[in-house]
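There are 4 protein chains.
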Amino acid sequence: MSRSATTTIRVEWGDCDPAGIVYYPRFFHWCDVATWNLFAVCGLPLIELQKRYGIVGFPLLEASATFRVPSRPQDLIVIATSLGPLRRKTLELRHAFSRDGAALLEAREVRVWAHHDATRPNGLRAAAIPPEVVARLTASAPA
Amino acid sequence: MSRSATTTIRVEWGDCDPAGIVYYPRFFHWCDVATWNLFAVCGLPLIELQKRYGIVGFPLLEASATFRVPSRPQDLIVIATSLGPLRRKTLELRHAFSRDGAALLEAREVRVWAHHDATRPNGLRAAAIPPEVVARLTASAPA
Amino acid sequence: MSRSATTTIRVEWGDCDPAGIVYYPRFFHWCDVATWNLFAVCGLPLIELQKRYGIVGFPLLEASATFRVPSRPQDLIVIATSLGPLRRKTLELRHAFSRDGAALLEAREVRVWAHHDATRPNGLRAAAIPPEVVARLTASAPA
Amino acid sequence: MSRSATTTIRVEWGDCDPAGIVYYPRFFHWCDVATWNLFAVCGLPLIELQKRYGIVGFPLLEASATFRVPSRPQDLIVIATSLGPLRRKTLELRHAFSRDGAALLEAREVRVWAHHDATRPNGLRAAAIPPEVVARLTASAPA
Numbered sequence: 001m002s003r004s005a006t007t008t009i010r011v012e013w014g015d016c017d018p019a020g021i022v023y024y025p026r027f028f029h030w031c032d033v034a035t036w037n038l039f040a041v042c043g044l045p046l047i048e049l050q051k052r053y054g055i056v057g058f059p060l061l062e063a064s065a066t067f068r069v070p071s072r073p074q075d076l077i078v079i080a081t082s083l084g085p086l087r088r089k090t091l092e093l094r095h096a097f098s099r100d101g102a103a104l105l106e107a108r109e110v111r112v113w114a115h116h117d118a119t120r121p122n123g124l125r126a127a128a129i130p131p132e133v134v135a136r137l138t139a140s141a142p143a
Numbered sequence: 144m145s146r147s148a149t150t151t152i153r154v155e156w157g158d159c160d161p162a163g164i165v166y167y168p169r170f171f172h173w174c175d176v177a178t179w180n181l182f183a184v185c186g187l188p189l190i191e192l193q194k195r196y197g198i199v200g201f202p203l204l205e206a207s208a209t210f211r212v213p214s215r216p217q218d219l220i221v222i223a224t225s226l227g228p229l230r231r232k233t234l235e236l237r238h239a240f241s242r243d244g245a246a247l248l249e250a251r252e253v254r255v256w257a258h259h260d261a262t263r264p265n266g267l268r269a270a271a272i273p274p275e276v277v278a279r280l281t282a283s284a285p286a
Numbered sequence: 287m288s289r290s291a292t293t294t295i296r297v298e299w300g301d302c303d304p305a306g307i308v309y310y311p312r313f314f315h316w317c318d319v320a321t322w323n324l325f326a327v328c329g330l331p332l333i334e335l336q337k338r339y340g341i342v343g344f345p346l347l348e349a350s351a352t353f354r355v356p357s358r359p360q361d362l363i364v365i366a367t368s369l370g371p372l373r374r375k376t377l378e379l380r381h382a383f384s385r386d387g388a389a390l391l392e393a394r395e396v397r398v399w400a401h402h403d404a405t406r407p408n409g410l411r412a413a414a415i416p417p418e419v420v421a422r423l424t425a426s427a428p429a
Numbered sequence: 430m431s432r433s434a435t436t437t438i439r440v441e442w443g444d445c446d447p448a449g450i451v452y453y454p455r456f457f458h459w460c461d462v463a464t465w466n467l468f469a470v471c472g473l474p475l476i477e478l479q480k481r482y483g484i485v486g487f488p489l490l491e492a493s494a495t496f497r498v499p500s501r502p503q504d505l506i507v508i509a510t511s512l513g514p515l516r517r518k519t520l521e522l523r524h525a526f527s528r529d530g531a532a533l534l535e536a537r538e539v540r541v542w543a544h545h546d547a548t549r550p551n552g553l554r555a556a557a558i559p560p561e562v563v564a565r566l567t568a569s570a571p572a
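Chains as they are written, first to last, in this note's numbering: chain E, 1 to 143; chain R, 144 to 286; chain Y, 287 to 429; chain X, 430 to 572.
Bound-form chain E, shown alone:
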């Protein structure tokens, strides 16, 4: 059984568009926030990951979302994030957004473990996720 985390965010005025509902790219921002929170909950805070492993963020391979109900300013949203399939260099995150227990949207991210690589045109190189990171992400007990 893999790890999960809960992130709570409040929708702000500036997150919403002229329709009065959340401008949808913001939901992907919150997926990013929720992903880092899952790592922190697993004892792998962003700053440590950078210092210890030299990773440069956690670039996306895929991102998707299915929207059910719009959100508005001051809505309190809970994001339940869980780890999906973990592969050698990539991992999947699943984010279920809800408000007062009602489903708002579901999102999914596939990310790759990546280092700086000055020799490559795009400056990034995928690498195997370190065993101790895998161990922490898959531990059944709190870190």
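In short, the hints are calculated from the structure, not lab data.
One or more of the hints may lead you astray.
Only pairs whose alpha carbons sit at most 25 Å apart, straight line, appear in this in silico SDA-like list of lysine to any residue [claimed, not checked]:
| hint | chain 1 | residue 1 | chain 2 | residue 2 |
| --- | --- | --- | --- | --- |
| 1 | E | LYS89 | R | LEU247 |
| 2 | X | LYS480 | R | GLY163 |
| 3 | X | LYS518 | X | TYR482 |
| 4 | E | LYS51 | Y | VAL355 |
| 5 | X | LYS518 | Y | VAL355 |
| 6 | Y | LYS375 | Y | ARG406 |
| 7 | X | LYS480 | Y | GLY306 |
| 8 | Y | LYS337 | E | LEU76 |
| 9 | X | LYS518 | X | ALA556 |
| 10 | Y | LYS375 | Y | GLU392 |
| 11 | Y | LYS375 | X | ALA532 |
| 12 | X | LYS518 | X | ARG481 |
| 13 | Y | LYS337 | Y | GLU378 |
| 14 | R | LYS194 | R | ILE272 |
Between beta-carbon pairs, the in silico distance windows are [as the list claims (entries may be wrong)]:
| hint | chain 1 | residue 1 | chain 2 | residue 2 | range |
| --- | --- | --- | --- | --- | --- |
| 15 | Y | ARG373 | E | TYR53 | 51 to 59 Å |
| 16 | Y | ARG385 | E | ARG125 | 29 to 37 Å |
| 17 | Y | LYS375 | X | VAL507 | 26 to 34 Å |
| 18 | E | ALA103 | Y | ARG373 | 44 to 52 Å |
| 19 | R | HIS259 | X | ARG497 | 27 to 35 Å |
| 20 | Y | ARG385 | X | THR548 | 18 to 26 Å |
| 21 | X | ARG439 | R | ARG211 | 22 to 30 Å |
| 22 | Y | ALA413 | R | ARG263 | 27 to 35 Å |
| 23 | R | SER147 | Y | GLU378 | 45 to 53 Å |
| 24 | R | ARG211 | E | LEU76 | 34 to 42 Å |
Model, not experiment: these values are computed from the prediction.
Using N, Cα and C, we set each Cβ at its ideal position, and we do this for glycine too.
With chain E's structure known, arrange chains R, Y and X on it following the hints.
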């Protein structure tokens, strides 16, 4: 054969994250920009759509992207947007991002034609896409 | 003596630019968040203000900031917001940002009480701040 | 006489808030865009500045704006940017935003020339602006 449009954007410093590459939610912002541009190219500018049909944006049902190559500040990106399946109340947009002819990412949006509806808790009501909008979106010749 | 409020925010990865520090326009986003929080603390939540008074946001007349120390991902920032001069149609907000008690930046906003006005080209009309709003904003005891 | 540059931006749906007008922090984003454009016009594109001088962005010391008229989706805005006082380590940028020749807002930024400095808690160190950068910024003829 349905309509298509090309949108060019420049990646700015503030679009990028500490990894020095575009913060991925920004790509969905550019999908939104490209969608409105496709409508404008079809003779349906945003402001007209709001005035004539009372729509409130174009809420998302689905959004997804597959990322191939990261982008950096000052990159000039071309977004080729085409119309996918058009249904009674929804339509699909396909966005192919490239730089100097090389594919960067592909994205897909499914959006619903929606009006304000004060009687509903979420304040929105899906409606059939007006025939003249369908006509303009599917016309083979420039509007 | 006027009212004040404290807002705590965490700097996220996506708030920062390729220099690894907060992209400065985000600080103004947090000023906006902190302003609505001050109103909520005074018993004037955003949603109520819109419903009861028909205001459309709280447009800015002036905004400024003086930056002292940069902020980075995962920083926990406290924003102390207080009400500055209150005039007939405008009010001033002062935001002091700190981290672990150390000053990061100070910002200032002057905002105008505004209603929709379809007869004006810009669609907004300034109006006098209602007396009960003034009363709540200037009450010395918690609402 | 110092250099100036003109930057044109289009207001997008996602730049606006539930009041239907530009969410004000976006104007500071456009100041940042206009600043880099001024540098590019002076023959100092962002990428060159980073490679040649190792600067890390152009951190802000001060930012301010005075807003006159709100902007809405699809507005075409022209930003006239000029260089204000140039000091040893800092420079000032002045941005005048207009639409169809009518003034929308004026903004001002004071920025510092900064390098990475791993020995400092905030990781940045101010430095003198290199003479050749000063020369290009103050040249009266096009670079």
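Hints, verified against the model:
1. E:LYS89 to R:LEU247: Given pair LYS89 of chain E, LEU247 of chain R holds - Cα atoms ~20 Å apart, limit 25 Å.
2. X:LYS480 to R:GLY163: Cα-Cα ~13 Å, so holds.
3. X:LYS518 to X:TYR482: Distance of about 14 Å is within 25 Å: holds.
4. E:LYS51 to Y:VAL355: 21 Å, holds
5. X:LYS518 to Y:VAL355: 16 Å, holds
6. Y:LYS375 to Y:ARG406: Satisfied, since the Cα-Cα distance of roughly 18 Å is no more than 25 Å.
7. X:LYS480 to Y:GLY306: Answer holds: LYS480 of chain X to GLY306 of chain Y is near 17 Å, not above 25 Å.
8. Y:LYS337 to E:LEU76: Judged against 25 Å, a Cα distance of about 19 Å means the pair holds.
9. X:LYS518 to X:ALA556: Since the Cα atoms of LYS518 of chain X and ALA556 of chain X sit roughly 6 Å apart, the hinted pair holds (cutoff 25 Å).
10. Y:LYS375 to Y:GLU392: 24 Å, holds
11. Y:LYS375 to X:ALA532: 22 Å, holds
12. X:LYS518 to X:ARG481: 17 Å, holds
13. Y:LYS337 to Y:GLU378: At roughly 23 Å apart (the allowed maximum being 25 Å), GLU378 of chain Y and LYS337 of chain Y satisfy the hint.
14. R:LYS194 to R:ILE272: 15 Å, holds
15. Y:ARG373 to E:TYR53: 51 to 59 Å: 54 Å, holds
16. Y:ARG385 to E:ARG125: 29 to 37 Å: The hint (29 to 37 Å, Cβ to Cβ) holds, given that ARG385 of chain Y and ARG125 of chain E are roughly 34 Å apart.
17. Y:LYS375 to X:VAL507: 26 to 34 Å: 29 Å, holds
18. E:ALA103 to Y:ARG373: 44 to 52 Å: Between ALA103 of chain E and ARG373 of chain Y, where Cβ atoms are some 45 Å apart, the hint holds.
19. R:HIS259 to X:ARG497: 27 to 35 Å: 30 Å, holds
20. Y:ARG385 to X:THR548: 18 to 26 Å: 20 Å, holds
21. X:ARG439 to R:ARG211: 22 to 30 Å: 27 Å, holds
22. Y:ALA413 to R:ARG263: 27 to 35 Å: 30 Å, holds
23. R:SER147 to Y:GLU378: 45 to 53 Å: 49 Å, holds
24. R:ARG211 to E:LEU76: 34 to 42 Å: 36 Å, holds
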